[in-house]
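The lines below spell out each chain.
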Amino acid sequence: MIKLLLAGVPRTGLLMLAILLALFVALPFFVSDYLVTVLFLILYFAFVGQAWNIMMGFAGQLSLGHALYVGLGAYAAAALYVHFGISPWIGLWASMGISAVAGAIIGFLAFRFGVGGVYFAILTIAFAEFARIGFDHFTWVDGSSGFFLPVANYTENDLWNLRGSTRMFYYLMLGMTVAALLACHALLRSRAGYYWLAIRESPEAAQALGINIFKYKMYAVVLSAAMTSLAGVIFAFFYNNLFPEQIFHISRSIELILAPIIGGVGTLAGPLVGAFLLTALAEGLREVMLQLGVDVPGVKQVFYGICLLLVVMFLPDGVWPPLSKLLGLDRKTPDREG
Amino acid sequence: MILKIENLDLYYGDAQALDRVSLQVGDGELVAIVGANGAGKSSLIRAIAGIEKPRGGRVSFRGETITGLSSYVICNRGIGQVAEGRQIFPSLTVQENLEMGALLPRARDKLREQMGKVYEFFPRLAERRNQVAGTLSGGEQQMLAIGRCLMGQPDLIMFDEPSLGLAPALVQELFRAIRELNQRGHPIILVEQNVAVSLKLANRAYVLENGRIVMSGTGTELLNDDRVRSAYLGVEQSAAH
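Quick mapping for you: the protein sequence lines, in order, are chains D and S.
Take the first sequence: its position 155, counting from 1, is numbered 139 in the numbering used here, and each next residue is one higher.
Just so we're on the same page, the numbering used here is the position in the second sequence counted from 1, plus 12.
Simulated from the structure, these hints should not be mistaken for lab results.
Where a beta carbon is used, it is the ideal one built from N, C-alpha and C, also for glycine.
It is possible that some hints are incorrect.
[As the list claims (entries may be wrong)] Mimicking SDA-like on lysine to any residue, the simulated pairs with C-alpha atoms at most 20 Å apart in a straight line are:
1) S:Lys129 - S:Lys65
2) S:Lys65 - D:Phe198
3) S:Lys122 - D:Arg175
[Claimed, not checked] Cβ pair distances, simulated, as ranges:
4) S:Leu123 - D:Met0: 46 to 56 Å
5) D:Val(-7) - S:Leu123: 21 to 31 Å
6) S:Gly50 - D:Tyr103: 40 to 50 Å
7) S:Pro180 - D:Leu292: 29 to 39 Å
[Stated by the list, open to error] Chain D is faced by these chain S residues, among others (derived, beta-carbon under 10 Å):
8) Gly50
9) Ile63
10) Val85
11) Ile86
12) Asn109
13) Glu111
14) Gly113
15) Arg120
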């Protein structure tokens, strides 16, 4: 199993991964709570970026409404916990189920009726907006006034109910991010991965080759939706409050696709690299501004905008492809030159 | 009889693309379908492949009805197509493109063996196996598209405008390859704008006009037909004889 998961990864890459993982495991012992939160955010964005990447990077379907799945996942698990005392570990199955169904509906409508490209992206936005407005009036989860999870001072981490310290969430998120990375690596090397590649490169050719493009696009959407909703569960239990206006908002959908775009769409390491660059630099910038005594709201957004601009202009494939070449991890290069 | 089409009707919305089209392809036959732009040639190919769903009529392949089946099912039954415009995967290498062609259940097990055959058939592809396909010349890309189709181990191969955009020298090479595939036992449907060459190559041919078959016959018969000559070969009727 492990052999299969690691197949095709260059040895230097494995070594770097191991060092990186050790670093992520060890860091919380040495840094402040605030920095652990920043690290948590990096992993969070790496995870949702990875999930989004399945749809866009692997199968070539642009979603601008992934906040929908984060929100559905968050609300489902939180509501089950608050109303019925059901553990998020059980609730997350409901979250994944609901998001998968939502993804399947969007996918079915789009792919069955030939809605592609930007129109598909608009459809994903429409569904997220629909959910945002719908949840504003959904009294079972307190509508627009926001849904709150009970908060108390926890002396001990309760992993079963996800009540506890930032560090607990951090390690949970680390586990999920590593699992997502391994899963995506395996997916790319699976038959579905090759089908997705064909569909992304040329849907026409994929169809001519006898690939069931409807089925495999649906797989990508459903898988991506379910995975994204897991991040929603963590989001709900980490922040303890949910507002439809925030969680389903289009700015959230945009925010969560920045990391994979800046890191490199379709690459495995892209979401992680992008999340690290964006979050670490944005938080660093904020810190510097604070030290200088300048408090300008919206600095982060401007910074995101500049990053995106620079990447689009100078590194259209994202940061990771040229970086991996620099590190000698690009195993395709020698093959292709040979 | 490997392929039999009866009264096929295809619509795009309200626009009729195929009007009661009937045709047949015999075992080992090379059948050309000629006609002007918009006559319905590509629509016919797409309807046979299952990419477009006909409103009426029947397509049977080796005696089994395949009308309405999904394109991936039809592909796996053994109808391959080389789609219009050389639809290769530009960022993959030649070899990876070929591997993609063998994803069909019917072709998976014999990937290596078939790749050997394709490289033997197109030695140029073997030389370029590690080159990214987007950097190949137009002719090489067309070879790759054909090679990739062969990877799926098709029986019947449909070519949709294979000579489009190729230099004259390459067009000759291409038609030689098509004829050779036919001689190796593949029945072929060839859709071409290059009417003269495809009629010379074909055992039989059909002329498609506004979605209808208006004429059919052996390649030679059609080549010598006055109407075909004036409409598609640019030869004046008076000057023909």
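Tested hints:
1. Our distance criterion of 20 Å between C-alpha atoms is broken by Lys129 (chain S) and Lys65 (chain S), whose separation comes to about 34 Å.
2. Taking the CA atoms of Lys65 (chain S) and Phe198 (chain D), the gap is about 15 Å. The hint holds against a cut of 20 Å.
3. A C-alpha spacing of about 16 Å is found between Lys122 (chain S) and Arg175 (chain D), which places the hinted pair at or below 20 Å, so the restraint holds.
4. Take Leu123 (chain S) and Met0 (chain D): their Cβ atoms lie about 33 Å apart, and the range 46 to 56 Å is violated.
5. Distance hint for Val(-7) (chain D) and Leu123 (chain S): a CB-CB separation of about 23 Å, consistent with the stated range 21 to 31 Å.
6. Distance hint for Gly50 (chain S) and Tyr103 (chain D): a CB-CB separation of about 26 Å, inconsistent with the stated range 40 to 50 Å.
7. Roughly 47 Å separates the CB atoms of Pro180 (chain S) and Leu292 (chain D), a value that falls outside the hinted 29 to 39 Å.
8. Because the closest C-beta pair between Gly50 (chain S) and chain D is about 19 Å apart, greater than 10 Å, the hint is violated.
9. Of the supplied interface hints, the one on Ile63 (chain S) holds, with its beta-carbon coming within about 6 Å of a beta-carbon of chain D, less than 10 Å.
10. About 8 Å separates the beta-carbon of Val85 (chain S) from the nearest beta-carbon of chain D, less than 10 Å, and the hint is met.
11. Because the smallest distance between the Cβ of Ile86 (chain S) and any Cβ of chain D comes to about 8 Å, under 10 Å, the interface hint for this residue holds.
12. With 10 Å as the threshold, the beta carbon of Asn109 (chain S) comes within range of chain D, its nearest partner Cβ sitting at about 9 Å, so the hint holds.
13. Because the beta carbon of Glu111 (chain S) sits about 8 Å from the nearest beta carbon in chain D, less than 10 Å, this interface hint is met.
14. Taking 10 Å as the C-beta cut-off, the interface hint given for Gly113 (chain S) holds, the closest approach to chain D being about 6 Å.
15. Below 10 Å, beta-carbon pairs count as interface contacts, and Arg120 (chain S) has one with chain D at about 9 Å; its hint therefore holds.
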